[in-house]
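Visitor: From first to last, the protein sequence lines are chains F and R. One rule links them: number in the working numbering = place in the first sequence (from 1) + 31. One rule links them: number in the working numbering = place in the second sequence (from 1) + 167.
Each hint should be verified, as a subset may be incorrect.
So the derived label-pair ranges between C-beta atoms look like this [stated by the list, open to error]:
(1) F:GLU103 - R:ARG772: 16 to 24 angstroms
(2) F:LEU84 - R:SER798: 22 to 30 angstroms
(3) F:LEU129 - R:LEU743: 27 to 35 angstroms
(4) R:LEU769 - F:HIS36: 42 to 50 angstroms
Result set (DMTMM-like, lysine to aspartate or glutamate): computed pairs, CA atoms no more than 20 angstroms apart in a straight line [claimed, not checked]:
(5) R:LYS618 - R:GLU541
(6) R:LYS484 - R:ASP364
(7) F:LYS124 - R:ASP780
(8) F:LYS130 - R:ASP780
(9) R:LYS699 - R:ASP538
(10) R:LYS277 - R:GLU328
If you want the ones that stay clear, here's a sample from chain R, every Cβ over 12 angstroms from chain F, calculated [said to hold, decoys possible]:
(11) LEU184
(12) ALA206
(13) ALA216
(14) ILE341
(15) LEU352
(16) GLY635
(17) GLN736
(18) ASN737
(19) TRP748
Worth flagging that the hints you see were computed from the coordinates, not collected in a lab. Beta carbons: idealized from backbone N, C-alpha and C, even for Gly.
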Amino acid sequence: MIGLHHYLVVSAILFSVGLVGMLTRRNILMILLSIELILNSANLSFVAFSAFLGDLSGQAVVFFTMIVAAAEVAVGLSLVILLYRRQHTTGVKAMETLKW
Amino acid sequence: MVDPRLLPWIVLFAPFLASVLICLFSMKSPRLASGLAVAGILVSLAGSAALFLHHSAHGGLPAERSFPWIEIAGLSVDFGFLIDRLSLLMLLVVTGVGSCIFFYSVGYMKGDSSFPRYFASLSFFAFSMLGIVLANNFVMLFVFWELVAVSSYLLIGFWFEKPSAADAGNKAFIVNRVADFGFVLGIFYVWTLSGADGGARSFGFTHLESILPEFLAKGILAPTALVIASLLVFCGVIGKSAQFPLYIWLPDAMEGPTPVSALIHAATMVAAGVYLMSRCFFLVSGVPQALGWIAATGALTALLAAILAVAQNDIKKILAYSTISQLGYMVLALGLGSSTVAMYHLTTHAFFKALLFLGAGAVIHRLGTQDIWEMGALLKRMPVTAVTFLVGTLALCGLPPFSGFFSKDEILTLAHEHNRTLYVTALFTAFLTAFYMGRASWIAVLGPERKIKHAHGPSHGHGDRPRGEAPLVMLAPLVLLACLAAAGGFIGIPEFILGGHGHAAPLNLPVAVTSTVAALLGIAAATALFGKKGLSADPLARAPGKAYAFIVNKYYLDDLFSAIAGFFQNALAKILFWFDWNILIQKGVNGAAGATSRAASLMRRAQTGRVQDYATTFGFGFVVLAYFMLSKG
Numbered sequence: 032m033i034g035l036h037h038y039l040v041v042s043a044i045l046f047s048v049g050l051v052g053m054l055t056r057r058n059i060l061m062i063l064l065s066i067e068l069i070l071n072s073a074n075l076s077f078v079a080f081s082a083f084l085g086d087l088s089g090q091a092v093v094f095f096t097m098i099v100a101a102a103e104v105a106v107g108l109s110l111v112i113l114l115y116r117r118q119h120t121t122g123v124k125a126m127e128t129l130k131w
Numbered sequence: 168m169v170d171p172r173l174l175p176w177i178v179l180f181a182p183f184l185a186s187v188l189i190c191l192f193s194m195k196s197p198r199l200a201s202g203l204a205v206a207g208i209l210v211s212l213a214g215s216a217a218l219f220l221h222h223s224a225h226g227g228l229p230a231e232r233s234f235p236w237i238e239i240a241g242l243s244v245d246f247g248f249l250i251d252r253l254s255l256l257m258l259l260v261v262t263g264v265g266s267c268i269f270f271y272s273v274g275y276m277k278g279d280s281s282f283p284r285y286f287a288s289l290s291f292f293a294f295s296m297l298g299i300v301l302a303n304n305f306v307m308l309f310v311f312w313e314l315v316a317v318s319s320y321l322l323i324g325f326w327f328e329k330p331s332a333a334d335a336g337n338k339a340f341i342v343n344r345v346a347d348f349g350f351v352l353g354i355f356y357v358w359t360l361s362g363a364d365g366g367a368r369s370f371g372f373t374h375l376e377s378i379l380p381e382f383l384a385k386g387i388l389a390p391t392a393l394v395i396a397s398l399l400v401f402c403g404v405i406g407k408s409a410q411f412p413l414y415i416w417l418p419d420a421m422e423g424p425t426p427v428s429a430l431i432h433a434a435t436m437v438a439a440g441v442y443l444m445s446r447c448f449f450l451v452s453g454v455p456q457a458l459g460w461i462a463a464t465g466a467l468t469a470l471l472a473a474i475l476a477v478a479q480n481d482i483k484k485i486l487a488y489s490t491i492s493q494l495g496y497m498v499l500a501l502g503l504g505s506s507t508v509a510m511y512h513l514t515t516h517a518f519f520k521a522l523l524f525l526g527a528g529a530v531i532h533r534l535g536t537q538d539i540w541e542m543g544a545l546l547k548r549m550p551v552t553a554v555t556f557l558v559g560t561l562a563l564c565g566l567p568p569f570s571g572f573f574s575k576d577e578i579l580t581l582a583h584e585h586n587r588t589l590y591v592t593a594l595f596t597a598f599l600t601a602f603y604m605g606r607a608s609w610i611a612v613l614g615p616e617r618k619i620k621h622a623h624g625p626s627h628g629h630g631d632r633p634r635g636e637a638p639l640v641m642l643a644p645l646v647l648l649a650c651l652a653a654a655g656g657f658i659g660i661p662e663f664i665l666g667g668h669g670h671a672a673p674l675n676l677p678v679a680v681t682s683t684v685a686a687l688l689g690i691a692a693a694t695a696l697f698g699k700k701g702l703s704a705d706p707l708a709r710a711p712g713k714a715y716a717f718i719v720n721k722y723y724l725d726d727l728f729s730a731i732a733g734f735f736q737n738a739l740a741k742i743l744f745w746f747d748w749n750i751l752i753q754k755g756v757n758g759a760a761g762a763t764s765r766a767a768s769l770m771r772r773a774q775t776g777r778v779q780d781y782a783t784t785f786g787f788g789f790v791v792l793a794y795f796m797l798s799k800g
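Same shape as in the complex, but just chain R:
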């Protein structure tokens, strides 16, 4: 048995080592690269499992170990690991779902010319994500938070030869920088607040958790300060977890390879925001104003994204908007004051959304199209994939007894207890979720086989695609995730997080029935609209008025942002151009040249060409020199 104190190191650095080794030795050898990457994540998974077993058997939670990392006068930052129920759960989710997706990637990316680079980036992502999970202070978390953004950028733009992929990578990175600006301010503000009683300031979560509520109770801190701090930290969540209005980067991020979308842009990275908020929940738990804003943001995001998902035709875009919507649910749960429920939904969502993405990926891999109007008859063509996809769909719709039902139901129950508006919004979102997933399922999976107009997709240069079911290395993760998505509600996740302190909310029967009815209504509506035979165009597009165009154009939010950015950018560019042209070029560069030229034309008069003039200068010069030399001695 390995020393349990070593385990976090192993968990964190195994994928990093894999990534480095791939970069150093394996860029020419795809087989070795995938082997290294899979080995890295499996070691991580084993380490996480060992940690979990150790702490289940011996208790000792939370365990924290830290080492001095950065020491400047008045500022010290540790590199440390905080192992508690929250991080254990997240470790298992990241490494577990991650392992499935690493295996799947071996099949999905087969034959890609940059296969080793893919696995190097993916391993690097796993390292960064695990760093976020294990971090015991804000600064370390932020460093890994940014590393995650970098690996996300690398993987979104993996097929950078495609301009749209390169642009999507940039967009994701830039939007996140905007959000992280607020996050950094928040971190330093919290740091400042931690010294409010004149004591040493700290970034550490455990220390902050013990002192901040105390300060608040003693009146050393005004609640307003904590509201500002928590909302600034929440800015980071808005970016990373794709909340309104910064969710615009996530649908574009679907330009990356599908397993990347599954791992990073559905199961783990985008959930990092929710994890962060749960990690520093002590910031918001005592300040209702902050909670109100967070809940409102979550509910609004859930609703807006669900509406957008209805009008998408790209299967990955549908799933992307669905991810945003579900993240909205998690944030709503946070805002309603329960990080447990948020983490619960995060976990089940990781299972079923990874499953849905991998299923979609298998279809894209075989058919070479992402348009649901070019799929169909999948039950016949790819039965395993189709069935697992339907399991994921049902879990996402929140139908009992699938995992999504339980976690979503807890959120709805919370909303029901707190706020009627939020409850109705969440319920309507549940209806929409069932509707758009029903639409996707009826058209892409159950509907008749349709012609593929123009094949594109991940496998470049594979003239004839193999037909039928995906290879085993891709199917096995699908089946495994399908089992988790189906049974995730029964394995005691909320009980684990609470760990004996308190108990999971019992099933609220009226809410459960209402939400199930809402989901069934959604599916029924989708069946009525899209279950018809011989459907070849979207009946929603014929909807009266401009509503459909409004939704297809994503509420014009992207256009609004580019207009705003363009406006300020153009204004700034104009000012800078004026300054550059008039001050720097005309006055500076040309002015210096002109002055030199004028000075030269004055001084050239000295060159008369007459020997006598030179001799005169020489003579007088000599006299002056002689005077100085003689008078000195």
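With the rest of the complex left out, here is chain F:
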């Protein structure tokens, strides 16, 4: 029987994978992708709780998250394009002008 726990564990794994990816990847595109993973792990736990509690408001929040994610990708990708034009790379190592 697949219960709430299984969904939450998958959600946590997704979140961890996303987090590690976001922190370790050197390519800004991969970081954006990792952030999407994190958002989706949150969505998954929302849906799981919604089903578990029989409350639809969790699913409603997921729609909002998707919209935010879409907007984020739109803004993020345009920033990546600007960055690439300026620095001719999508590596984050080049972005350290705020260094000491």
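Once you've looked at the hints, dock chain R against the given chain F.
Guide: For chain R alone, kept in the frame of chain F given last:
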């Protein structure tokens, strides 16, 4: 008739009130200021006279009244008045001579830009001095003792625009602090001793006077303890009454206005030390060692200062050294075991020395010079002043029948009975006194008129000085004091102090004749040297050897003191500088700055500028925080 119990309050606070009123309301109005000050001292004089009359008529001496002032566990200090023959005499001297000098000051200080400040300070001085006289315990006396030092400082440095005056004020104040350090120790030591039998400790003079001799007789106290206590108290006297080796401040104090020199640095304040010693004479009267030291100090001071006076050319400096010398006589009398004789000489000295200073002041006021080699022919130019000055001179020289003769003679008689060395020293000092006063009189008063090379002196900005005699307001005190100086030996001062207990020493004829001869010899020697016509330079300066230079340079005592002070000061300054530079600046200030800088250069590595690093820190930080928050709930 005012309640006699109120009189001490009136006597003490009238000058204080005058001083406060001048400061508050009269700084812009010289006329009102002098009026207030003179009124204050006259009220004091009237109060003292009323006290005197009351106690002469009704007896009741000593009268003591005290009020709790400072109360701490185990320590209580009273604010109280002790009226006995000693304080009555001193009250009359201070307010009497003080009144003369206040009046005189009105004329002398006329036109000075700080006229009201002068009278405020002078009134404040009178208040402090009367506090010393009336005090019934050591602490109250010490408080007023220090107030007197402050007012003395203010008045010496009255013309503080002159660096020499400001320095002289500092010197007087600092030298007195050195001496008062010993005095304070003495006060507390006496206080400790007063509880030697396990009873309550006390600062009060009457209480101490009744218990200390008893302790000594019963063997509760070792005589050594009393010797130490009295010599510590005597330290205060050495400072205030300008005894060797701390007399160096008094000649410099002559930078103050001349009436101040007369009142504070001749007649009253410097005599406060002698008064103090008479007040607590019970400390020393039973311990011969202490008396011996005191007598030796007095005799040495009298002699050394008299020698210095011989080589001075500034008339106020001559009188200053003479004051030191006479104070030495008083201290000698104390050391020989008679406070009565000391107080007697204090009183007559107050008369004739105030007179001499005021006379000198009148001359300085008119001529604008203090150098005796720029004066002369005063009998013709200022006859009243000159005659009163000569009366003062004769009284100081100790010639009969002037007052100084009687009091000095009693001291010499005492010395004659006790100690041959002291007697010879005192006699030789008497000779020197007559010699230097004869010198000053021949050159400044009787000699021919001399040119004034460079006018200076008290009246700033008075282009042309009026010639001739000083104004009446200055002459009247002179004449009054001259009468007192002349007749002071006949008004029964020692009998008053003794008050029927015992009798004044009868005139010792051999001593009297010897001292008169010594004085006459001194005058004769001065006449032979300085009575010549057309003398324009000091014949003493041609004396062979280095003796004259030694004396002119004041035995190099000032230089010695500054060398000692300089030596220790420099050493201390070097140590402190080393500590300051190496420890505080290098290790402390620069060290702290360096540590901050090094810590910063380590910690700046944290700022990588990479978003991922920040996110990592943020993530782990969040995990840690979440852990703590969740584990708590």
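Visitor: Against this structure, judge whether each hint is valid.
Guide: So, going through the hints one by one against the coordinates:
1. F:GLU103 - R:ARG772: 16 to 24 angstroms: About 32 angstroms separates the Cβ atoms of GLU103 of chain F and ARG772 of chain R, which means 16 to 24 angstroms is violated.
2. F:LEU84 - R:SER798: 22 to 30 angstroms: holds, 26 angstroms
3. F:LEU129 - R:LEU743: 27 to 35 angstroms: Violated - the Cβ-Cβ distance for LEU129 of chain F and LEU743 of chain R, about 49 angstroms, lies outside 27 to 35 angstroms.
4. R:LEU769 - F:HIS36: 42 to 50 angstroms: holds, 46 angstroms
5. R:LYS618 - R:GLU541: Since the Cα atoms of LYS618 of chain R and GLU541 of chain R sit roughly 6 angstroms apart, the hinted pair holds (cutoff 20 angstroms).
6. R:LYS484 - R:ASP364: violated, 50 angstroms
7. F:LYS124 - R:ASP780: holds, 11 angstroms
8. F:LYS130 - R:ASP780: holds, 11 angstroms
9. R:LYS699 - R:ASP538: Holds, at roughly 19 angstroms.
10. R:LYS277 - R:GLU328: holds, 18 angstroms
11. LEU184: holds, 73 angstroms
12. ALA206: holds, 80 angstroms
13. ALA216: Holds: least Cβ distance 89 angstroms, greater than 12 angstroms.
14. ILE341: Consistent with the label, ILE341 of chain R stays out of reach of chain F, its closest Cβ about 58 angstroms off (over 12 angstroms).
15. LEU352: Since the minimum Cβ distance to chain F is about 64 angstroms, LEU352 of chain R lies beyond 12 angstroms and the statement holds.
16. GLY635: holds, 90 angstroms
17. GLN736: holds, 51 angstroms
18. ASN737: holds, 50 angstroms
19. TRP748: holds, 34 angstroms
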